[in-house]
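Engineer: Given next are the chains, with one letter for each unit.
Protein chains: 4
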Amino acid sequence: MRIALTGLGPMGSAMARRLIAAGHDLTVFNRTAANTEPFAALGATVAPSPAEAVKTADIALTVVSDDTATEAVTFGPDGVAEGLPPGGLHIVAGTISIALADRLDTEHRARGQHYISAPVLGRPPAAEAGQLFIMAAGEAAQIARARPLFDAIGQRVFEVGERPMQANTVKLCCNFLIFSTIEQMGEVFALAGKAGVERAAMLNVMTESFFNAPVHKNYGKLVVDGVFDPPGVKVSLGAKDVRLLLQAGEQLAVPLPFGSIVRDRYLAAIAQGEKDKDFAILGRHAERDAGIES
Amino acid sequence: MRIALTGLGPMGSAMARRLIAAGHDLTVFNRTAANTEPFAALGATVAPSPAEAVKTADIALTVVSDDTATEAVTFGPDGVAEGLPPGGLHIVAGTISIALADRLDTEHRARGQHYISAPVLGRPPAAEAGQLFIMAAGEAAQIARARPLFDAIGQRVFEVGERPMQANTVKLCCNFLIFSTIEQMGEVFALAGKAGVERAAMLNVMTESFFNAPVHKNYGKLVVDGVFDPPGVKVSLGAKDVRLLLQAGEQLAVPLPFGSIVRDRYLAAIAQGEKDKDFAILGRHAERDAGIES
Amino acid sequence: MRIALTGLGPMGSAMARRLIAAGHDLTVFNRTAANTEPFAALGATVAPSPAEAVKTADIALTVVSDDTATEAVTFGPDGVAEGLPPGGLHIVAGTISIALADRLDTEHRARGQHYISAPVLGRPPAAEAGQLFIMAAGEAAQIARARPLFDAIGQRVFEVGERPMQANTVKLCCNFLIFSTIEQMGEVFALAGKAGVERAAMLNVMTESFFNAPVHKNYGKLVVDGVFDPPGVKVSLGAKDVRLLLQAGEQLAVPLPFGSIVRDRYLAAIAQGEKDKDFAILGRHAERDAGIES
Amino acid sequence: MRIALTGLGPMGSAMARRLIAAGHDLTVFNRTAANTEPFAALGATVAPSPAEAVKTADIALTVVSDDTATEAVTFGPDGVAEGLPPGGLHIVAGTISIALADRLDTEHRARGQHYISAPVLGRPPAAEAGQLFIMAAGEAAQIARARPLFDAIGQRVFEVGERPMQANTVKLCCNFLIFSTIEQMGEVFALAGKAGVERAAMLNVMTESFFNAPVHKNYGKLVVDGVFDPPGVKVSLGAKDVRLLLQAGEQLAVPLPFGSIVRDRYLAAIAQGEKDKDFAILGRHAERDAGIES
Numbered sequence: 024m025r026i027a028l029t030g031l032g033p034m035g036s037a038m039a040r041r042l043i044a045a046g047h048d049l050t051v052f053n054r055t056a057a058n059t060e061p062f063a064a065l066g067a068t069v070a071p072s073p074a075e076a077v078k079t080a081d082i083a084l085t086v087v088s089d090d091t092a093t094e095a096v097t098f099g100p101d102g103v104a105e106g107l108p109p110g111g112l113h114i115v116a117g118t119i120s121i122a123l124a125d126r127l128d129t130e131h132r133a134r135g136q137h138y139i140s141a142p143v144l145g146r147p148p149a150a151e152a153g154q155l156f157i158m159a160a161g162e163a164a165q166i167a168r169a170r171p172l173f174d175a176i177g178q179r180v181f182e183v184g185e186r187p188m189q190a191n192t193v194k195l196c197c198n199f200l201i202f203s204t205i206e207q208m209g210e211v212f213a214l215a216g217k218a219g220v221e222r223a224a225m226l227n228v229m230t231e232s233f234f235n236a237p238v239h240k241n242y243g244k245l246v247v248d249g250v251f252d253p254p255g256v257k258v259s260l261g262a263k264d265v266r267l268l269l270q271a272g273e274q275l276a277v278p279l280p281f282g283s284i285v286r287d288r289y290l291a292a293i294a295q296g297e298k299d300k301d302f303a304i305l306g307r308h309a310e311r312d313a314g315i316e317s
Numbered sequence: 024m025r026i027a028l029t030g031l032g033p034m035g036s037a038m039a040r041r042l043i044a045a046g047h048d049l050t051v052f053n054r055t056a057a058n059t060e061p062f063a064a065l066g067a068t069v070a071p072s073p074a075e076a077v078k079t080a081d082i083a084l085t086v087v088s089d090d091t092a093t094e095a096v097t098f099g100p101d102g103v104a105e106g107l108p109p110g111g112l113h114i115v116a117g118t119i120s121i122a123l124a125d126r127l128d129t130e131h132r133a134r135g136q137h138y139i140s141a142p143v144l145g146r147p148p149a150a151e152a153g154q155l156f157i158m159a160a161g162e163a164a165q166i167a168r169a170r171p172l173f174d175a176i177g178q179r180v181f182e183v184g185e186r187p188m189q190a191n192t193v194k195l196c197c198n199f200l201i202f203s204t205i206e207q208m209g210e211v212f213a214l215a216g217k218a219g220v221e222r223a224a225m226l227n228v229m230t231e232s233f234f235n236a237p238v239h240k241n242y243g244k245l246v247v248d249g250v251f252d253p254p255g256v257k258v259s260l261g262a263k264d265v266r267l268l269l270q271a272g273e274q275l276a277v278p279l280p281f282g283s284i285v286r287d288r289y290l291a292a293i294a295q296g297e298k299d300k301d302f303a304i305l306g307r308h309a310e311r312d313a314g315i316e317s
Numbered sequence: 024m025r026i027a028l029t030g031l032g033p034m035g036s037a038m039a040r041r042l043i044a045a046g047h048d049l050t051v052f053n054r055t056a057a058n059t060e061p062f063a064a065l066g067a068t069v070a071p072s073p074a075e076a077v078k079t080a081d082i083a084l085t086v087v088s089d090d091t092a093t094e095a096v097t098f099g100p101d102g103v104a105e106g107l108p109p110g111g112l113h114i115v116a117g118t119i120s121i122a123l124a125d126r127l128d129t130e131h132r133a134r135g136q137h138y139i140s141a142p143v144l145g146r147p148p149a150a151e152a153g154q155l156f157i158m159a160a161g162e163a164a165q166i167a168r169a170r171p172l173f174d175a176i177g178q179r180v181f182e183v184g185e186r187p188m189q190a191n192t193v194k195l196c197c198n199f200l201i202f203s204t205i206e207q208m209g210e211v212f213a214l215a216g217k218a219g220v221e222r223a224a225m226l227n228v229m230t231e232s233f234f235n236a237p238v239h240k241n242y243g244k245l246v247v248d249g250v251f252d253p254p255g256v257k258v259s260l261g262a263k264d265v266r267l268l269l270q271a272g273e274q275l276a277v278p279l280p281f282g283s284i285v286r287d288r289y290l291a292a293i294a295q296g297e298k299d300k301d302f303a304i305l306g307r308h309a310e311r312d313a314g315i316e317s
Numbered sequence: 024m025r026i027a028l029t030g031l032g033p034m035g036s037a038m039a040r041r042l043i044a045a046g047h048d049l050t051v052f053n054r055t056a057a058n059t060e061p062f063a064a065l066g067a068t069v070a071p072s073p074a075e076a077v078k079t080a081d082i083a084l085t086v087v088s089d090d091t092a093t094e095a096v097t098f099g100p101d102g103v104a105e106g107l108p109p110g111g112l113h114i115v116a117g118t119i120s121i122a123l124a125d126r127l128d129t130e131h132r133a134r135g136q137h138y139i140s141a142p143v144l145g146r147p148p149a150a151e152a153g154q155l156f157i158m159a160a161g162e163a164a165q166i167a168r169a170r171p172l173f174d175a176i177g178q179r180v181f182e183v184g185e186r187p188m189q190a191n192t193v194k195l196c197c198n199f200l201i202f203s204t205i206e207q208m209g210e211v212f213a214l215a216g217k218a219g220v221e222r223a224a225m226l227n228v229m230t231e232s233f234f235n236a237p238v239h240k241n242y243g244k245l246v247v248d249g250v251f252d253p254p255g256v257k258v259s260l261g262a263k264d265v266r267l268l269l270q271a272g273e274q275l276a277v278p279l280p281f282g283s284i285v286r287d288r289y290l291a292a293i294a295q296g297e298k299d300k301d302f303a304i305l306g307r308h309a310e311r312d313a314g315i316e317s
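Residue numbers (this note's numbering), protein chains in the order written: chain B, 24 to 317; chain W, 24 to 317; chain X, 24 to 317; chain R, 24 to 317.
Because the hints were derived from the structure by calculation, they are not lab data.
Worth double-checking, as some hints may not be accurate.
Claimed, not checked - Distance condition first, Cα-Cα at most 25 angstroms in a straight line; then the derived DMTMM-like pairs of lysine to aspartate or glutamate:
#  : chain 1 : residue 1 : chain 2 : residue 2
1  : R       : 240       : R       : 221
2  : B       : 217       : R       : 299
3  : W       : 217       : B       : 125
4  : B       : 217       : W       : 252
5  : B       : 257       : B       : 94
6  : W       : 217       : W       : 248
7  : X       : 298       : B       : 125
8  : R       : 263       : R       : 125
9  : R       : 217       : X       : 185
10 : W       : 263       : R       : 125
11 : X       : 217       : R       : 185
12 : W       : 298       : W       : 287
13 : W       : 217       : X       : 299
14 : B       : 217       : W       : 90
15 : R       : 217       : X       : 162
16 : R       : 78        : R       : 94
17 : R       : 244       : X       : 182
18 : B       : 257       : B       : 287
19 : W       : 217       : B       : 162
20 : W       : 240       : W       : 252
21 : X       : 217       : R       : 130
22 : B       : 263       : B       : 273
23 : R       : 217       : X       : 231
24 : W       : 298       : R       : 125
25 : R       : 240       : X       : 299
26 : R       : 240       : X       : 231
27 : B       : 78        : B       : 89
28 : X       : 263       : B       : 162
29 : R       : 298       : W       : 248
Between the sequences and the hints, there should be enough to build the whole structure, so can you do that?
Structural biologist: What follows is the structure, given as structure tokens:
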């Protein structure tokens, strides 16, 4: 397949390597041109704009950081919408708002193009290993069409509906489950800690009994170890995702009390100078409120 | 070992069968005498009071429903404290307050007796199968002494500290993790649901990716299935546990924002006539707030 | 003074009548032209666009419903920014976001124009009577310049700072005080109600002791009377304001736990079909959670 | 009237002076006997126990700090219940739980005695000036009987119901209104503060517009002035009252989301070493979360 990938950050780069290795014919575009060099060396074509990149592509895959960047590369001058031929398929893999997913769906349709949302669960190393979880929504035929692409980067595709924003909703829900599990653990560590039980001992009870999912083990370890610098994922990025979650809640009229508490933790972290720390630092805030020095 | 067990509800009865099967010399007491008959048939001695039951016991095991019942069988007339010989060991396996655990420790010490808290994670069928998780706290030598008893009923003992209330704190934390995971799922089902994604589809994404612990699978299934009657564990019992959690938070000066939200869910459930439903019904309240008829 | 007023809804119309009565030379613009007729009859000039309206004005006063409308009449084609002469002063009296206030300040400055924010507290009848409270922020000289205008519509001007968004922040804070006082009263009525004390009796204790501000009396009466239809101010409008409040909290990194609870009340109201009711209906939601039929 | 007053703390002492001044025949009891001396000098009889104090009294008035103290002086050895003659009336003016109010009602009835709850709003200086607000509940005839006593100490009696606990519920509601107004103001000061608006300026807008009740003025001034030491009322005492509020919510099945947030503020204050500060310090916690150094 001819695939055009826009956005060579850590996640996009990992996907690009997987797609080349799987034998796809890849064209890449990145705002900072230097990032494209390693992919040219691997045989990818380098395009001067998203529009040029997607001109002859079957699938335009966009992996940029947020709504603003996704809108710019899609609807801006020389953007994906302008260059993608009728019948072409645009896939956005980033975490974007459900409002933008709806707009992408509508505007691509109006141009005779197709759109599916396919946000992913997993960090760049998982992409590198082809182990992402992919949540896909849109027309079933288009999801089928994208299957070879998904197979190259992910271990599993969840088809969650016919309307693209459904995949984004599910993705925001998964991120919320991560954030709120960190908060759960933060409260538990604070209470157990003031009773004299170490975080590691409490986490051990959890992961050796009913609370042994990756979300418990991975984020529990981050909170217990307390190394929040350098960050895996920054507080500021998590804050963006919780904003998207609450916007979805507002658009769909769904009160989310745990969501609001997580929001306040993020704002407090930012206010207290932790914007660039790993977002697992939120798992220490309950202790801070409880007067435990961290 | 000579073991005296007070409290033959579903959990105590399951433990009693395991202890007899393991060859221990068991004496039982139950307020409602009829419950003791099957155990007499299995060879247990039936005592007319807790004090009589524990008179020649190595270990007095108490498995009654709450603080009030535990205080009654322990410090009431003809209670455990009165009958247990100096050097004897009292173990409370029920979910009690940390304040009562402290009191049990202090008063047994004053009588030359020993005390350890050993609350369990798991329901009666797990006890029946010897698969409970046991959280034990108190003097290490006493926990070692109780090991044969624990081996008969549980798959794993977590020794969490020298002070009995530490085990109760950890137990309350585990219950809170269950309650707040139900709330997480409730919020996620509400948001995904209003985007047109079925609960079962959302749960499937969870349990096939990062959220696949027993707490997700078991309680997620209960919430999705929506069969809250007859209850496994009642709303009223969960409400009691969240009260004990928040009391612990108050005693130790630990704010617990998620804990408070769960508390309000319980109160709303009770106010709305759901006191005797399975407590997993709380996983439907976020949908109710979001205007989804359940 | 020559004043150009854009936006003849209930509030803008009341202000227009006051300004004409005070002898100012008024030009009006309204999207729906019919609304301008009564003002033409009173001697106002009717302009075909905001740009035309402000062309010879000293002060351009904008009183439209939200950010989108304010941006449209200001920066859209034939908008205020295009028509206002250098040195002219633009005043936005509507409740807008702090982000938009910052943008208005920046863009007007870049055009050699002046900008101040002057949101008001009070409903249209208060404007009609010249009894509004005005929160003004921006350059002191410009606030002084606008004084005759303010004197015509308000009983009091609070100068809250040199930066226009400060007035909008203070206005959002005042609205939040109203919303959260309604929630306070809702919780109090629910608790007292379940103890058998009528809402009116509880409110009487409040307003005859320490809680006798207009916010208590006016909104307390609305909640007690329970006539939410037709609405004075709609749930949907209040929901907009709490969104602006929380956006301000996000922009300034300020957790607002009461603000989030109010947000969830609004979302629940909308989800439950109350979008077009008076927003005082939120004062009945605590009772609903408590199982009291309303 | 012959009145027996138990409890000569600041509030009880102020009441005692008013009652003597009004010409009532007063007997006093206080655990620490030294406190009784000034009253002996003013003509009061000093009794060696609550039971002795009330033996010939029409009305037994109890003004001690909490449930434990009230239970001790009422139901303990030589307590009020033991000494009060049949037909005598017991009034508890302290802030006690609704559960204890119910118990007092039941037990006094069983002894042929009468009981009414009459908690007060106002601090000792208000009592000294006869300016308290009194919330009274119980049999109307008994409230009428107590009228001369109330007239001596208060400016206003609110009769809120036939069941004594109703007065306690209303009192807890009033305290909650104070706490949650402090939290409102804390959030507002934090948001306005980060926009560059001083607390005093924000408070001025409030108290000069719709938010000008004593609760705003008095507590607003405390928060703005920031003098929390020495305390008027301590954090620890406020924490007790919010606990009683939430217990009432639990007993009556009323979720109180604002109440829970206030609870967490109290626990955080205690955890952070502020137990003995004035409870208005809670109005600074939102700023603390927002990273503003206080």
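Engineer: Could you work out which of the previously given hints the structure breaks and list their numbers from low to high?
Structural biologist: 4, 23, 25, 28, 29
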